[in-house]
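Residue numbers (our numbering), protein chains in the order written: chain A, 1053 to 1273; chain B, 1053 to 1273.
Think of the hints as simulated: they come from the structure by calculation, not from any bench. Check before you lean on any hint, since a few could be wrong.
Because identical chains share one entry, a pair is satisfied inside a single copy or across any pair of copies.
Unchecked claim - Below, computed lysine-lysine pairings styled on BS3-like, alpha-carbon distance capped at 25 angstroms:
1) 1216 / 1134
2) 1268 / 1256
3) 1119 / 1172
4) 1094 / 1172
5) 1232 / 1102
6) 1072 / 1268
7) 1246 / 1122
8) 1119 / 1246
9) 1102 / 1268
10) 1094 / 1216
Source: prediction; values computed, not measured.
There are 2 protein chains.
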Amino acid sequence: MFKRALVVDDHDVVNEGVLKVLQSNNILDVAKAQYCDEAYLKIKKATLDKAPFDLLISDLSFKEDYKESKIKSGEELVEALKPDYPTLPIIIYSMEERLQKVRSLVNTYGISAYVCKGRKGAVELSEAIHQISKNQTYLSPQVANALNSNNNLEIDDYDIELIKNLSLGLSQHEISSLFKSQNVSPSSLSSIEKRINRLKDIFKANNAIHLVAITKDLGLI
Amino acid sequence: MFKRALVVDDHDVVNEGVLKVLQSNNILDVAKAQYCDEAYLKIKKATLDKAPFDLLISDLSFKEDYKESKIKSGEELVEALKPDYPTLPIIIYSMEERLQKVRSLVNTYGISAYVCKGRKGAVELSEAIHQISKNQTYLSPQVANALNSNNNLEIDDYDIELIKNLSLGLSQHEISSLFKSQNVSPSSLSSIEKRINRLKDIFKANNAIHLVAITKDLGLI
DNA sequence: ACCCTATTTACGGAATCCCGTAACTACCGG
DNA sequence: CCGGTAGTTACGGGATTCCGTAAATAGGGT
């Protein structure tokens, strides 16, 4: 079982809560950090002190405050740590339930577990810890099928780009101009309309607003 | 000081964290609830058992799950409790930082404190408890000026509902009809247009799609 | 009662979106 | 070379949104 863990969450109350979960799993040597930079430094220092952490539990989103910060999100923290600590088990503990996000964290950085903040967060954290100690990964039920979901293969990068531009407030005409200037094809207003129509069909959206809302919820953009 | 408190939050980890804060304030007799209905019943029962709670700490938003629930938010819980327990001190502990919301909770229901979930949530909760025990109210710094300043660049529940309906794919005309049928005012198409315009202004959105995307990112809807 | 102000509602024209139809182009197999 | 097909572009008209102006309504204060 793990000996020495670092918990990273900007909310002090949540930090305490996670601490409690670790204690009840007999992990008693626990450090806390409320900023990603702080977490990064603590991990570095722990290595130098020959008392490295063997488990990291981190949130994804951190509110910015008066402090200057270099690492601004849990994802950036993981990215910064992976090269030097490729084997450090990482549990992401976050509100975020977007499958796309989970998938990219698992595939790109090889995180060990993804636990959604929710009613049973504590239970699921414990479960994650046990699974990881047996060298297995863990995903909360809400996002359990993040990896095997090949349900939206009919959507390609062009579609994503298109919807993303919609969500950025561009009109269809502006998107057409943009695509022309980027030599992206198809770029005619008509084709863009047609694509949007097809996407509305696929996602059963009433209009473009609805389409953007749905795809945002799915984590596609 | 308080003897017996009830903590209501749907996240078990947060519940544990708040518990810890109470313990460090020497409030050791603490009950927890993860649903509003559960909280309501526990308070009722405690009174019958002649061991009433003398402090309530509750979140505002609760995720719905498979369980049927009658009281769906902290606000509704407070509303349900106030008639029977007008003197019970209530601390709202929530992510929500909208001044409008804080103002209405203080003015309508006379809550004793409003603490924002954040980096110093635990510290502020302690501070709130001390203030209340001296019969004073407490507001987190983020929302401290909720009562005196009447900032008109504020978003209220109506706005949220409006944007939410947009995100569900309703046309402005449909929203107008819906609001009329729900006796929500204002409900005319013209007023709805005007509101959306104002919101686009506030959030610097180019169009309605952009507005929905932005507010979704902010977690407002 | 009155004025003053803020909110709600109404209306109209321009821009944009929505949706169907149809033409044009590219590519492939025969 | 030709026919078939998928993808792209073009166009038109109705619906909806966008945006400015203005009238009607509601409250508050003197």
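Among the hints numbered above, which are violated by the structure, and what are their numbers in rising order? Violated hints: 1, 5, 6, 7, 8, 9 and 10; rest satisfied.
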